[in-house]
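Undergrad: For this note's numbering, count along the sequence shown from 1 and bump the result up by 992.
I should point out that these hints are in silico values taken from the structure, not numbers from a laboratory. There could be a bad hint or two in this list.
Straight line, CA to CA, 35 Å or less: simulated DSBU-like cross-link-like pairs of lysine-lysine [what the hints assert, rightly or not]: (1) LYS1043 <-> LYS1083; (2) LYS1026 <-> LYS1071; (3) LYS1116 <-> LYS1022; (4) LYS1022 <-> LYS1129; (5) LYS1129 <-> LYS1071; (6) LYS1129 <-> LYS1096; (7) LYS1026 <-> LYS1120; (8) LYS1043 <-> LYS1126; (9) LYS1083 <-> LYS1071.
Between beta-carbon pairs, the in silico distance windows are [said to hold, decoys possible]: (10) ALA1030 <-> PRO1114: 20 to 26 Å; (11) SER1023 <-> ALA1112: 29 to 35 Å; (12) LYS1046 <-> TRP1106: 31 to 37 Å; (13) THR1115 <-> GLN1033: 25 to 31 Å.
Predicted model only: the values in this text are computed from it and were never measured. Don't be surprised by glycine CBs; every beta carbon is placed ideally from N, CA and C.
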Amino acid sequence: MKNLKIALFFPSIIMLVSIAQAQTIPDNIKSAFKGTWAYEQYGHTNTIVIKFEKGKNYATFLDIGTGEAPTETFQAKVKKNLLFIPAQHHKNDVNIEMEVIKGKLYFRQQLVIWDAEGNAIPTKSNFKTEQIFKRVKP
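Turn these sequences into a full structure, and let the hints steer you where they fit.
TA: Here it is in structure tokens:
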């Protein structure tokens, strides 16, 4: 009976360890996105910072903007080679996806429209705005 408990216990540990390892973010994604990024437009600079914390399965995204308003903080999830921030009602009304191509951060936003109960209304539109940020500090 003791051997059976051990046999059942060890596969559970192995499964938990493999799940934890599967949720870590690859180093190539971290090195591609990590840093301070800026987008210059009409006399002001929009700044964002992307950080990765050890043991977390998401990136911390800081929207500094022009510095005139308080900084907003979001958790960005990894989807293949993209970082994705889903829309949140009354906080962030756009889906955001970020991709690094040739050392530049392509920042895409898609507006989400909400119903009276705060649920996202599905849309057939694939319209996204895009800004290209340059890395100013790794």
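Undergrad: Run through the hints listed earlier and report the numbers of any the structure violates, in increasing order.
TA: 10
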